[in-house]
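Asks: Chains A and B supply the protein sequences, listed in that same order.
Position 138 of the first sequence, counting from 1, maps to 208 under the working numbering, and the rest follow consecutively.
Position 40 of the second sequence, counting from 1, maps to 50 under the working numbering, and the rest follow consecutively.
There could be a bad hint or two in this list.
Said to hold, decoys possible - With a Cα cut of at most 30 Å, we get these calculated DSSO-like pairs of lysine-lysine:
id, chain 1, residue 1, chain 2, residue 2
1, A, Lys-204, B, Lys-117
2, B, Lys-24, A, Lys-217
3, B, Lys-15, A, Lys-204
4, B, Lys-24, A, Lys-101
Since the hints were made in silico from the structure, they are not lab data.
Just so it is clear, the structure is predicted and the values come from calculations on it, not from any experiment.
Read off the chains here:
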Amino acid sequence: MPSTRDIRRRIKSVKNTAQITRAMQMVASAKMRKAQLAALAGRPYAVLMNEVLAAASEGAGEFTHPLLEKRAVRKRAVLLITSDKGLCGALNTNLLREAAKYTKDATVFVCAGKKGAQWVSRAKRELAAEFSYKDTPLFAEARAISKSVQQMFIDGTVDAVDVVFTNFISTLNQKSEVRQLLPIQEIQALEAGVDGEGQTRKLGEASREYLFEPGAATVLGNLLPHYLNYQVYQFLQEAKASEQSARMVAMKNATDNAKQIIKDLTLEYNKLRQANITKELLEITSAAMAMGT
Amino acid sequence: MATLKLEIVTPEAKIYSQEVEMVTLPGVDGEMGIYPMHIPLMTQVAAGEITARHGGKDHFLAIGDGFVEITGERVAILTDMAIKADDIDEARAEEARKRAEARLQEKLTDEEQATVQAALVHSLTQLNVKRRRRS
Chain A
71 MPSTRDIRRR
81 IKSVKNTAQI
91 TRAMQMVASA
101 KMRKAQLAAL
111 AGRPYAVLMN
121 EVLAAASEGA
131 GEFTHPLLEK
141 RAVRKRAVLL
151 ITSDKGLCGA
161 LNTNLLREAA
171 KYTKDATVFV
181 CAGKKGAQWV
191 SRAKRELAAE
201 FSYKDTPLFA
211 EARAISKSVQ
221 QMFIDGTVDA
231 VDVVFTNFIS
241 TLNQKSEVRQ
251 LLPIQEIQAL
261 EAGVDGEGQT
271 RKLGEASREY
281 LFEPGAATVL
291 GNLLPHYLNY
301 QVYQFLQEAK
311 ASEQSARMVA
321 MKNATDNAKQ
331 IIKDLTLEYN
341 KLRQANITKE
351 LLEITSAAMA
361 MGT
Chain B
11 MATLKLEIVT
21 PEAKIYSQEV
31 EMVTLPGVDG
41 EMGIYPMHIP
51 LMTQVAAGEI
61 TARHGGKDHF
71 LAIGDGFVEI
81 TGERVAILTD
91 MAIKADDIDE
101 ARAEEARKRA
111 EARLQEKLTD
121 EEQATVQAAL
131 VHSLTQLNVK
141 RRRRS
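Taking the hints into account, I'd like the entire structure generated from these sequences.
Replies: In structure tokens form, the structure reads like this:
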């Protein structure tokens, strides 16, 4: 039976933990709002880029580009987008489960985020590159990642590139997903950032005849790498929004659990205290009775 | 008088959206002036200065390289950097330029080099636009 002092000590320590988790929850929710806003702010760009791509791919006619080339897949690169820090529920576990499905010998990993890189070295997989990205991903960071995988694809080190990332569906729901990045299969409409409904509209709806300068093929050729950069940027934003909301939910649960524990412990403490008092009273009265007789 | 809708967007935000009478762009093959009713055109722009005439007055913006979609009633610019001339902070742009130049002296990987190079172009463009406006 623990003494009242032990219980008091435990209550205090749980209280401290609850305070920390509550603070982390606040921070994550603020960051989540920021990440969602950032994803929203990029939407006009996505829409516009789609229109340009649609028009350009229509105008270019028969068009070949190294990034569109389909080859037999001997080696595959996987871009693994995880978080840098833990304490965000099952987010990274789910991602790594997807990543572990790839065969060991025919896969190299490109990691964004520390958790992924740690896993790759722990699981003794092949790591090609590691990148970091900030709380609000910068386009320059996405460009660096995208360029490095494009390079690997073009010089034939790998024959396909997949992305494993967490798609932000809602604050309570994030899903780890695998998408093919390279070769570009068919240019799909970039999905609309935050609501993440994954609407994919086939292109070719632009009916206007465009003039191209210096030429449709040139413009499209320059646009494709840019399109990839932007896609990676969007993946990073999705991943960040997911991470923050997953952390917020995890921390909220932790705070709630801590509160429940405190409640239970307080009850136990009071019971114990009362039992002690009763016991003392009994002792005193029985002593008095023994003396009186 | 007919107007054009000029839209300038970057991955981070929509920088500019306004009805204008005329736009001048730094195309890859030289400057282009766009009036309303222009033939539909798709082209690339280099880093430089955009002039938007609106209400008889010229407004200036610095942009990075990117793509432009032109239709008879709309000019849409996709770029990685855009800033209004009035918003350019000369001291900060100058500082960014110096920092980028200093970084270029160090040993860099290709990717870092490209990033720094891009940052340098951005700050130089901003400085050029700002200085030209003053003189």
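Asks: Next step is simple, just say for each hint if it's right about the structure.
Replies: The hints, checked one at a time:
Taking the CA atoms of A/Lys-204 and B/Lys-117, the gap is near 24 Å; set against the 30 Å cutoff, the hint holds. Proposed proximity of B/Lys-24 and A/Lys-217 is supported: the alpha carbons are some 25 Å apart, at most 30 Å. Restraint check for B/Lys-15 and A/Lys-204: not satisfied, since their Cα atoms lie roughly 34 Å apart, outside the 30 Å limit. As the CA atoms of B/Lys-24 and A/Lys-101 are separated by approximately 21 Å, the hinted pair is consistent with the 30 Å bound.
Checked against the numbered hints given earlier, the structure breaks only hint 3 and satisfies all the rest.
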